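K.L.:
The hints should help you fit chain B onto chain A, whose structure is shown.
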Amino acid sequence: MALVGHDLSVAVDDVTYLSNVSFTFEPGRIYVLMGRTGAGKTSFMRAVSGLLPLDSGSLSFNGEDITHAPVWKRDCAMVYQQFINYPNKTVRQNVEFPLRKAGLSGTELSNRVDSYLAKVGMTEFASRIPSQLSGGQQQRVALARSLARHSRILMLDEPLMNLDFKLREQLREEFLELFQGENESVTIYATTEITEAMMLGYEILVMHEGQILQSGKPEHVFERPKNKLVAQIVNDPPISIISAQITGSKIVLASGVTLPVPTHFRSLAEGTYEFGIRAIDVEPATDSASTESGEVGFVEVSGSETVLYLHTKAGEIVLQIEGIHDYHAGQKLSVALRPERMFVFDDSGQLLGSPKLEVS
Amino acid sequence: MLMKRVLTLAFVTFWSIFVMMPILWALVTSLKPPEAVDFGATFIPFVDFTPTLLGWESIFGVGGGSVNLVPALFNSIIVTFGGAAISLVLGTVSAYGLSRFAYKLGFIRNADIVFFFISQRIMPPIVLSFPFFLMLRNLGLLDTHLGLILVSIGGLMPIVVWLMVDFFNGIPRELDEMAMLEGYSPFETFVKVILPLSAPGLTVAGMFAVIFGWNDFFYPLVLTFGQVVTLPLAIVALNATITPYWTLSAAAIFAILPLVAFAFAMERFLSRGSLSGAVR
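Protein sequence lines correspond, in order, to chains A and B.
In this text, residue positions in the first sequence follow the working numbering: the first is 1, and each later residue adds one.
In this text, residue positions in the second sequence follow the working numbering: the first is 1, and each later residue adds one.
For the record, the hints were derived by calculation from the structure and aren't laboratory data.
Source: prediction; values computed, not measured.
It is possible that part of the hints are untrue.
[As the list claims (entries may be wrong)] Straight-line C-alpha distance at most 20 Å; calculated EDC-like pairs for lysine to aspartate or glutamate:
{"#": "1", "chain 1": "B", "residue 1": "LYS192", "chain 2": "A", "residue 2": "ASP55"}
{"#": "2", "chain 1": "A", "residue 1": "LYS89", "chain 2": "B", "residue 2": "GLU35"}
{"#": "3", "chain 1": "B", "residue 1": "LYS104", "chain 2": "A", "residue 2": "ASP55"}
{"#": "4", "chain 1": "A", "residue 1": "LYS89", "chain 2": "B", "residue 2": "GLU177"}
{"#": "5", "chain 1": "A", "residue 1": "LYS356", "chain 2": "A", "residue 2": "ASP281"}
{"#": "6", "chain 1": "A", "residue 1": "LYS250", "chain 2": "A", "residue 2": "GLU358"}
{"#": "7", "chain 1": "A", "residue 1": "LYS313", "chain 2": "A", "residue 2": "GLU295"}
{"#": "8", "chain 1": "B", "residue 1": "LYS192", "chain 2": "A", "residue 2": "ASP75"}
{"#": "9", "chain 1": "B", "residue 1": "LYS104", "chain 2": "A", "residue 2": "ASP281"}
{"#": "10", "chain 1": "A", "residue 1": "LYS73", "chain 2": "B", "residue 2": "GLU174"}
{"#": "11", "chain 1": "A", "residue 1": "LYS73", "chain 2": "B", "residue 2": "GLU267"}
{"#": "12", "chain 1": "A", "residue 1": "LYS89", "chain 2": "B", "residue 2": "GLU188"}
{"#": "13", "chain 1": "A", "residue 1": "LYS73", "chain 2": "B", "residue 2": "GLU188"}
{"#": "14", "chain 1": "A", "residue 1": "LYS101", "chain 2": "B", "residue 2": "GLU177"}
{"#": "15", "chain 1": "B", "residue 1": "LYS104", "chain 2": "A", "residue 2": "ASP14"}
[What the hints assert, rightly or not] These stretches of chain B come out as covered by chain A in the derived footprint (C-beta under 8 Å, 3 or more residues):
{"#": "16", "stretch": "172 to 179"}
{"#": "17", "stretch": "192 to 206"}
[To be verified] Covered stretches of chain A, as calculated for chain B (at least 3 residues, CB under 8 Å):
{"#": "18", "stretch": "66 to 78"}
{"#": "19", "stretch": "111 to 125"}
Backbone N, C-alpha and C define an ideal beta-carbon position, used for all residues, glycine too.
Next comes chain A alone, as it looks inside the complex:
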């Protein structure tokens, strides 16, 4: 019982959309495709649904080969980033449309429609047409239409992308309820946001340039990113990557600042490495020891956090501070880096050690 993809590749006019992508997805679980815009998340979904023809590779569902099955026979439901509904049909007709094709009628049909309209909170809008709804409501309709089908594959392509912040938070929480319980579909969810991936994902697949860089449990990928690129993709605000040397028992930064080598790095041979540190593990210095100083380049206040982009001699360092603070560009600031929270990568970018992984 699984959706299995083997070595899927798609290239159109010399542009690679997917490159040797393989996976096994179990029903009833949510798989999150995580990656930047253009990483191949949408191509992945289009390939699975049959909208994007494969150049090579094979797809099967429960052992049945569906590599060449036409789109309309694959039983895939999709929720797009843009809120797509049939503009000339009412909310109720929109939800009914795929169900009618699936052979539902009479009370069975109306019960199913009613229950999903209720689930997404659209019961009172059932007789409106999409243009009379707000964006969030339109996306709820699209969601109800896709969920009500009970299709064997359910795909959501950044469904919260075009919604405002508050609505996004709210729907994201509702997703958990909607997907858990009776959901027997293989659910694939694409997002650029790690919060969403961590919250929803049974497993996450980090994508970049049409390839799957790493897959696994969200915590595992987050704590042990396979390489620098994965670490950069799954960290928001961005992880700071700084080059430094290990000499004796010290980490020497380009600015000359030294930090003690933490226990998880003690097997690290002397030499130059790239160190990664999360924004949350950098804080304004309280004393002068082991601090890196620089100039604030850019200040970003989001929700209840302040994110600072600091230019230092060691490189750009990003820090995230709880609460809203009054920093401004050009201001001098010293920060303390917590060596015990650092990641280390070799010169090809592969992960050598992280707070949860001792260097071997």
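P.N.:
Chain B alone, transformed into the frame defined by chain A:
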């Protein structure tokens, strides 16, 4: 601001009068008795002259005249609406294909195929008339409704294809994709999702096809000899004999009436069916 409004209104009024004048002239003349035409400029019915239906009676052969436009009306209706309907069906299907699928045949791509359709209208009819004549003769279709319908499709289908390709391009592809994901085959998608959204486009394309077909003079002239006389031919034939102005005017108005009625009937479909809310 006000000045601009006044100027715009003045221009629109002037232009409306300019455009409507010949039609008004024909309408008024069709109601005139012979004296009113022959003696002096008269324009306003009941004031300048007493209107009469003599002209109108004469085009229906009332009062022993040899002229009767009714058969020509039916010929025109059969040929125009037959040709337009077939063109609309074939053209819409072709346009959907050209809008949604990429065709490759040697160096030929979709844009080339669309141009091929339009090129049918770029060519002057006279270039095609001889080949068409030979074709219809060999098929035994000269001077038949079917022959004229077939030839008219060659002229009308390009209009439909050209308008509908553009229209379909304006309907988000995601709608087709979604319907297919929901289990509908491409043909079902076209019929159940795309066509219902296409009423305004189909109306415009249909109106153009009917107008062009209705007014076609050249092909009927070359390809018929008296069995299938269409309205434009019949009216020109009136001119060949000594026909009074009032009869000619009545014939002219009579010839455009079906078109006007058709346009009014179709008008309500033009504004209906908006695509908003399909994709945000």
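K.L.:
Is A:LYS73 within 20 Å of B:GLU174, Cα to Cα?
P.N.:
17 Å, holds
K.L.:
Quick one, are A:LYS101 and B:GLU177 close enough, alpha carbons at most 20 Å?
P.N.:
Between A:LYS101 and B:GLU177 the Cα gap is close to 15 Å, so the pair holds against 20 Å.
K.L.:
Measure nothing beyond the straight line between the CA atoms of A:LYS250 and A:GLU358; if it is 20 Å or shorter, mark the hint as holding.
P.N.:
Distance ~17 Å between A:LYS250 and A:GLU358 Cα, so the pair holds.
K.L.:
Closer than 8 Å, Cβ to Cβ, for at least three residues: run that test on the stretch 172 to 179 of chain B against chain A and report holds or violated.
P.N.:
holds (count 6)
K.L.:
For the pair we were handed, A:LYS89 and B:GLU188, check the Cα-Cα distance against 20 Å.
P.N.:
Judged against 20 Å, a Cα distance of about 16 Å means the pair holds.
K.L.:
Regarding the pair A:LYS356 and A:ASP281, is the alpha-carbon distance no greater than 20 Å?
P.N.:
Since the Cα atoms of A:LYS356 and A:ASP281 sit roughly 14 Å apart, the hinted pair holds (cutoff 20 Å).
K.L.:
With a cut-off of 20 Å on the C-alpha distance, tell me whether B:LYS192 and A:ASP75 pass.
P.N.:
Holds, at about 19 Å.
K.L.:
Between A:LYS313 and A:GLU295, is the straight-line Cα distance small enough, at 20 Å or below?
P.N.:
Cα-Cα ~10 Å, so holds.
K.L.:
Taking 8 Å as the Cβ threshold, is the statement that the stretch 66 to 78 of chain A is covered by chain B upheld or broken by the three-residue rule?
P.N.:
holds (count 9)
K.L.:
Can you confirm whether chain B covers the stretch 111 to 125 of chain A, using C-beta to C-beta distances below 8 Å and requiring at least three such residues?
P.N.:
violated (count 0)
K.L.:
For A:LYS89 and B:GLU177, compute the direct alpha-carbon distance and say whether it is at most 20 Å.
P.N.:
The hint holds at about 17 Å.
K.L.:
Given the hinted pair A:LYS73 and B:GLU188, is their alpha-carbon gap at most 20 Å?
P.N.:
13 Å, holds
Checked against the numbered hints above, the structure breaks hints 1, 2, 9, 11, 19 and satisfies the rest.
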